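Spelled out from the first residue to the last, the chains are:
Number of protein chains: 2
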Amino acid sequence: MSSVTCQISMSLDGFVAGPYQSLENPIGEGGMRLHQWAFATEIWREQHGGRGGERNADADVVDEVTRDVGAYIMGRKMFGGGDGPWDESWRGWWGEDPPYHTPVFVLTHHPRESLPMQGGTTFMFVTDGIESALEQARAAAGDTHVSIAGGASAVQQYFAAGLLDELYIHIVPVILGAGERLLENVGDPTLEPVNVVASPAVTHVKYRAVR
Amino acid sequence: MSSVTCQISMSLDGFVAGPYQSLENPIGEGGMRLHQWAFATEIWREQHGGRGGERNADADVVDEVTRDVGAYIMGRKMFGGGDGPWDESWRGWWGEDPPYHTPVFVLTHHPRESLPMQGGTTFMFVTDGIESALEQARAAAGDTHVSIAGGASAVQQYFAAGLLDELYIHIVPVILGAGERLLENVGDPTLEPVNVVASPAVTHVKYRAVR
Numbered sequence: 104m105s106s107v108t109c110q111i112s113m114s115l116d117g118f119v120a121g122p123y124q125s126l127e128n129p130i131g132e133g134g135m136r137l138h139q140w141a142f143a144t145e146i147w148r149e150q151h152g153g154r155g156g157e158r159n160a161d162a163d164v165v166d167e168v169t170r171d172v173g174a175y176i177m178g179r180k181m182f183g184g185g186d187g188p189w190d191e192s193w194r195g196w197w198g199e200d201p202p203y204h205t206p207v208f209v210l211t212h213h214p215r216e217s218l219p220m221q222g223g224t225t226f227m228f229v230t231d232g233i234e235s236a237l238e239q240a241r242a243a244a245g246d247t248h249v250s251i252a253g254g255a256s257a258v259q260q261y262f263a264a265g266l267l268d269e270l271y272i273h274i275v276p277v278i279l280g281a282g283e284r285l286l287e288n289v290g291d292p293t294l295e296p297v298n299v300v301a302s303p304a305v306t307h308v309k310y311r312a313v314r
Numbered sequence: 104m105s106s107v108t109c110q111i112s113m114s115l116d117g118f119v120a121g122p123y124q125s126l127e128n129p130i131g132e133g134g135m136r137l138h139q140w141a142f143a144t145e146i147w148r149e150q151h152g153g154r155g156g157e158r159n160a161d162a163d164v165v166d167e168v169t170r171d172v173g174a175y176i177m178g179r180k181m182f183g184g185g186d187g188p189w190d191e192s193w194r195g196w197w198g199e200d201p202p203y204h205t206p207v208f209v210l211t212h213h214p215r216e217s218l219p220m221q222g223g224t225t226f227m228f229v230t231d232g233i234e235s236a237l238e239q240a241r242a243a244a245g246d247t248h249v250s251i252a253g254g255a256s257a258v259q260q261y262f263a264a265g266l267l268d269e270l271y272i273h274i275v276p277v278i279l280g281a282g283e284r285l286l287e288n289v290g291d292p293t294l295e296p297v298n299v300v301a302s303p304a305v306t307h308v309k310y311r312a313v314r
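Quick mapping for you: the protein sequence lines, in order, are chains A and B. Sequential numbering from 104 applies to the first sequence in our numbering. Sequential numbering from 104 applies to the second sequence in our numbering.
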């Protein structure tokens, strides 16, 4: 059965991006420290055109969360390119072969033609809200899962609307002290931890949202 | 080797107490939800004069964190009784036989005579700062551990001063939305997850502070 999922790295004090986010430093000061555990794995490097890396519990988690995803949804800020009407020369942060390999629905207030990339990724720009984006993503994903890629605001909106089935948080033992929090403006959902993977680098906890 | 430890229940959004704390509701609105996992265990109930309860992974954690502790340190607000000079009729929240059974050093600005209770608990009131309290607690604990009992401010002070060896966080799948945060004003310590216990109710992660 197809689920709506999200997997995201969070500091122990609750941040998914550091302070002082900018076009040059989109995940803020110290934000990259949240992702070192993934960068260190062989599978992440392969998915991003690199080599080497570890095969370990963290790598198994990367494998799990990127498998059976048939469509992604992301916020405009995560796709990047600044605010307001589109500068169409902006084609995302990820180069010509982004690591998604599926349709990616970008939440935006500004219309733009679909943007097919190499490797099966197509960015589709949705201007009529999160429910429309989810409907389109579900249709694209079929029997596979829809993953809310980020950032915090997109996750919060789906979570608060009761549209998220599963939230897989990678709890990174880093204290950022400031930045963008994940679990704000989400109401009081009932969550059950359904799987935990512990590594020396990070604690991965998968929560199921109970309706 | 004796360690300085802390074990504390934290909501997934980082709070150790809910909003609107008062003398009537010392851990704030919703704050009791952070402790249900412990209340459900047989060992917690035994320690607090109750009966029944579960023997499960959570119970093993309660057993672990209460074993081999030779002294506790707590903030004034956790001991309770309001601000300012002491009303000596206040003898803590826990009745005549508190669940500590060791010396408990209470951080305060207002001197008070030591308060021996039943069952081996003696509350000692320390007015000359956190380092003095720790020195006295270490002397009392000998080869056993010193545990910082809470609340958030006391934990933060020991953590920020580099005096905490181990922080065992019980991550409760509850979103409080407001209240008192644990991991504020603690700087940027290096933490290593050294043990994880997963239960259906809570994820217990023990972090070692690396110096």
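It should be emphasised that the hints constitute simulated quantities derived from the structure, not laboratory data. Bear in mind that the values here come from a model prediction, so they are computed numbers and not experimental data. For every residue, glycine included, the Cβ atom is placed at its ideal position computed from N, Cα and C. Hints are not guaranteed to be accurate.
Claimed, not checked - Here are the in silico distance ranges between beta carbons for each label pair: (1) B:Q150 to A:A242: 39 to 49 Å; (2) A:R154 to B:P303: 50 to 60 Å; (3) B:E287 to A:G245: 26 to 36 Å; (4) B:H151 to A:R154: 55 to 65 Å; (5) B:N298 to A:N128: 26 to 36 Å; (6) A:T230 to B:R158: 32 to 42 Å; (7) A:E295 to B:G183: 51 to 61 Å; (8) A:S106 to B:R194: 49 to 59 Å; (9) B:D166 to A:N288: 34 to 44 Å.
Said to hold, decoys possible - Dumping the calculated SDA-like pairs for lysine to any residue here, alpha-carbon to alpha-carbon at most 20 Å: (10) A:K309 to B:T230; (11) B:K309 to B:D171; (12) A:K309 to B:P296; (13) A:K309 to A:A252; (14) A:K309 to B:A301; (15) B:K309 to B:E269; (16) B:K180 to B:T230; (17) B:K309 to A:V300; (18) B:K309 to A:D116; (19) A:K309 to B:N298; (20) B:K309 to A:S302; (21) B:K309 to A:P296; (22) A:K180 to A:D166; (23) B:K309 to A:A301; (24) A:K309 to B:K309; (25) A:K309 to B:D116; (26) B:K309 to A:P303; (27) A:K309 to B:P303; (28) B:K309 to A:R179; (29) A:K309 to B:S302; (30) B:K180 to B:T225; (31) B:K309 to A:A304; (32) A:K180 to A:E216; (33) B:K180 to B:G232; (34) B:K309 to A:A252; (35) A:K180 to A:P214; (36) B:K180 to B:E127; (37) A:K309 to B:R148; (38) A:K309 to B:A160; (39) B:K309 to A:V172; (40) A:K309 to A:E216.
Each hint, compared with the structure:
1. B:Q150 to A:A242: 39 to 49 Å: violated (55 Å)
2. A:R154 to B:P303: 50 to 60 Å: Check failed, 40 Å falls outside 50 to 60 Å.
3. B:E287 to A:G245: 26 to 36 Å: At roughly 45 Å between Cβ atoms, G245 (chain A) and E287 (chain B) fall outside 26 to 36 Å, so the hint is violated.
4. B:H151 to A:R154: 55 to 65 Å: Taking Cβ atoms as reference, H151 (chain B) and R154 (chain A) lie about 56 Å apart, which means the hint holds.
5. B:N298 to A:N128: 26 to 36 Å: holds (34 Å)
6. A:T230 to B:R158: 32 to 42 Å: violated (55 Å)
7. A:E295 to B:G183: 51 to 61 Å: violated (33 Å)
8. A:S106 to B:R194: 49 to 59 Å: Distance hint for S106 (chain A), R194 (chain B) holds at roughly 53 Å.
9. B:D166 to A:N288: 34 to 44 Å: holds (38 Å)
10. A:K309 to B:T230: violated (44 Å)
11. B:K309 to B:D171: The hint holds at about 16 Å.
12. A:K309 to B:P296: holds (17 Å)
13. A:K309 to A:A252: Between K309 (chain A) and A252 (chain A) the Cα gap is close to 15 Å, so the pair holds against 20 Å.
14. A:K309 to B:A301: Holds, because 11 Å separates the two Cα atoms, which is no more than 20 Å.
15. B:K309 to B:E269: holds (7 Å)
16. B:K180 to B:T230: holds (14 Å)
17. B:K309 to A:V300: Judged against 20 Å, a Cα distance of about 14 Å means the pair holds.
18. B:K309 to A:D116: Answer holds: K309 (chain B) to D116 (chain A) is near 15 Å, not above 20 Å.
19. A:K309 to B:N298: Holds - the C-alpha atoms of N298 (chain B) and K309 (chain A) are around 17 Å apart, at most 20 Å.
20. B:K309 to A:S302: holds (12 Å)
21. B:K309 to A:P296: holds (17 Å)
22. A:K180 to A:D166: With Cα atoms ~25 Å apart, K180 (chain A) and D166 (chain A) exceed 20 Å; violated.
23. B:K309 to A:A301: Given pair K309 (chain B), A301 (chain A) holds - Cα atoms ~11 Å apart, limit 20 Å.
24. A:K309 to B:K309: holds (18 Å)
25. A:K309 to B:D116: holds (15 Å)
26. B:K309 to A:P303: Given pair K309 (chain B), P303 (chain A) holds - Cα atoms ~11 Å apart, limit 20 Å.
27. A:K309 to B:P303: holds (11 Å)
28. B:K309 to A:R179: It is violated: about 37 Å lies between the C-alpha atoms, which goes past 20 Å.
29. A:K309 to B:S302: holds (12 Å)
30. B:K180 to B:T225: Holds. K180 (chain B) to T225 (chain B) sits at ~17 Å (cutoff 20 Å).
31. B:K309 to A:A304: Roughly 13 Å separates the two Cα atoms, so the pair holds.
32. A:K180 to A:E216: holds (18 Å)
33. B:K180 to B:G232: holds (15 Å)
34. B:K309 to A:A252: Since the Cα atoms of K309 (chain B) and A252 (chain A) sit roughly 29 Å apart, the hinted pair is violated (cutoff 20 Å).
35. A:K180 to A:P214: Given pair K180 (chain A), P214 (chain A) holds - Cα atoms ~15 Å apart, limit 20 Å.
36. B:K180 to B:E127: Roughly 13 Å between the alpha carbons, so the hint for K180 (chain B) and E127 (chain B) holds.
37. A:K309 to B:R148: Not satisfied, since the Cα-Cα distance of roughly 29 Å exceeds 20 Å.
38. A:K309 to B:A160: holds (18 Å)
39. B:K309 to A:V172: violated (32 Å)
40. A:K309 to A:E216: violated (35 Å)
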